[in-house]
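*Asks:* Sequence:
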Amino acid sequence: MPYASLRNAIPRKTNKERSQPAARKKFGLLEKHKDYVQRANDYKRKTKALASLREKAAFRNPDEFYFAMTKGQTKEGVHRVRPAEASLPHDHIALLKTQDMRYVNMKRALDVKKAEKLQAGLHFLTEEAANKHTVFVDTETEAETFDPAKHFGTDPALVTRAFNRPKLETLETPGAVLGVANVGELKKVRKARKLAYTELGERLKRSLSFKEVLEHMQVEKNVMGKGRKRKVQEAEDGKPAVFKWKRERRK
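Residues in the sequence shown are numbered from 253 upward in steps of one, following the numbering used here.
It is possible that part of the hints are untrue.
In silico DMTMM-like pairs for lysine to aspartate or glutamate, Cα to Cα no more than 20 Å straight-line [as the list claims (entries may be wrong)]: (1) K483 - E467; (2) K478 - D343; (3) K491 - E283; (4) K402 - D390; (5) K349 - E467; (6) K298 - E316; (7) K491 - E472; (8) K463 - E500; (9) K440 - E451; (10) K463 - E368; (11) K481 - E500; (12) K473 - D343; (13) K491 - E464; (14) K365 - D287; (15) K481 - E467; (16) K402 - E421; (17) K457 - D343; (18) K286 - E269; (19) K473 - D352; (20) K457 - E486; (21) K473 - E486; (22) K483 - E500; (23) K277 - D287; (24) K369 - E283; (25) K268 - E283; (26) K446 - E368; (27) K498 - E486; (28) K457 - E368; (29) K478 - E467; (30) K359 - E451; (31) K419 - D399; (32) K359 - E454.
Pair ranges (Cβ atoms, derived) [to be verified]: (33) D294 - D315: 35 to 45 Å; (34) N313 - A292: 48 to 58 Å; (35) H385 - M476: 30 to 40 Å; (36) S304 - H468: 47 to 57 Å; (37) E451 - H403: 37 to 47 Å; (38) G324 - K277: 47 to 57 Å; (39) K457 - K481: 24 to 34 Å; (40) K439 - H385: 26 to 36 Å.
Rather than coming from a laboratory, the hints here were simulated on the basis of the structure.
Glycine included, C-beta positions come from ideal geometry on N, C-alpha and C.
Generate coordinates for the entire structure from the input sequences, incorporating the hints supplied.
*Replies:* Take a look at the structure:
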């Protein structure tokens, strides 16, 4: 035994495999024994895998079906299985829907507030005045020959106005009535008013769509709640489905 230890302690000459001769360098590197072992093991592994696949194909049942097959697909010749989606607890989903409802409600409130502000700053031409100015006269003849422009002392073109109706003497005074300086300013005012009406219409339409979304989300939240229920009407025309809950006795 001591002699064996001494023999192993003596340094030996390392046996090196010869390299590719210079005359055969055009064929590439010379394969060593370790390269052959690696290539042989790879060949055996692939041969065994092919034999296993051929055996499975030979014993395959054509009517075989698993529900997991619905989650798999072949992409570029490689079979992949879609990972299962992580399902959240029921209370977590309800909390997320509540937060979504708060966000949608906040956006709708902003649109409604902005629309009210725009509507307050614009004068609707189709809107009729709530107040009326009634003038009383003594005789029927005066009523038939009544001249509103003469009575109010203003220009006939301004009689229909309920506000900003200046007198004739005011109109005759230079610089007393201020208006649009030129045609360019008038175009700017009309363009700004048109843009304001367009924005008002868009915000009113968006607030209405937000309201419909809130109704759908509220129905979904109620359906996720407790209690037996059944659907009595399908969703239609942007309105959510209608459910009816079974009455339960309160303790």
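*Asks:* Hints first: check each against the structure and report whether it holds.
*Replies:* Consistency of the hints with the structure:
1. K483 - E467: holds, 16 Å
2. K478 - D343: holds, 12 Å
3. K491 - E283: Violated, at about 76 Å.
4. K402 - D390: holds, 17 Å
5. K349 - E467: holds, 12 Å
6. K298 - E316: violated, 26 Å
7. K491 - E472: Given that 20 Å is the threshold and the Cα spacing comes to 12 Å, the pair holds.
8. K463 - E500: Violated, at roughly 30 Å.
9. K440 - E451: Judged against 20 Å, a Cα distance of about 16 Å means the pair holds.
10. K463 - E368: holds, 16 Å
11. K481 - E500: holds, 11 Å
12. K473 - D343: Holds, at about 11 Å.
13. K491 - E464: holds, 7 Å
14. K365 - D287: violated, 78 Å
15. K481 - E467: With Cα atoms ~18 Å apart, K481 and E467 stay inside 20 Å; holds.
16. K402 - E421: holds, 13 Å
17. K457 - D343: violated, 33 Å
18. K286 - E269: Judged against 20 Å, a Cα distance of about 11 Å means the pair holds.
19. K473 - D352: Given pair K473, D352 holds - Cα atoms ~11 Å apart, limit 20 Å.
20. K457 - E486: This hinted pair is violated, its Cα atoms lying about 24 Å apart.
21. K473 - E486: holds, 17 Å
22. K483 - E500: holds, 17 Å
23. K277 - D287: holds, 17 Å
24. K369 - E283: violated, 85 Å
25. K268 - E283: Holds, because 13 Å separates the two Cα atoms, which is no more than 20 Å.
26. K446 - E368: Given pair K446, E368 holds - Cα atoms ~16 Å apart, limit 20 Å.
27. K498 - E486: Between K498 and E486 the Cα gap is close to 18 Å, so the pair holds against 20 Å.
28. K457 - E368: Distance ~13 Å between K457 and E368 Cα, so the pair holds.
29. K478 - E467: holds, 19 Å
30. K359 - E451: holds, 15 Å
31. K419 - D399: Distance ~15 Å between K419 and D399 Cα, so the pair holds.
32. K359 - E454: Satisfied, since the Cα-Cα distance of roughly 14 Å is no more than 20 Å.
33. D294 - D315: 35 to 45 Å: holds, 36 Å
34. N313 - A292: 48 to 58 Å: violated, 36 Å
35. H385 - M476: 30 to 40 Å: Distance hint for H385, M476 is violated at roughly 59 Å.
36. S304 - H468: 47 to 57 Å: At roughly 53 Å between Cβ atoms, H468 and S304 fall inside 47 to 57 Å, so the hint holds.
37. E451 - H403: 37 to 47 Å: Roughly 41 Å apart at Cβ, these two residues keep to the hinted range, so it holds.
38. G324 - K277: 47 to 57 Å: holds, 49 Å
39. K457 - K481: 24 to 34 Å: At 32 Å between Cβs, range holds.
40. K439 - H385: 26 to 36 Å: holds, 33 Å
Checked against the numbered hints listed earlier, the structure breaks hints 3, 6, 8, 14, 17, 20, 24, 34 and 35; every other hint is satisfied.
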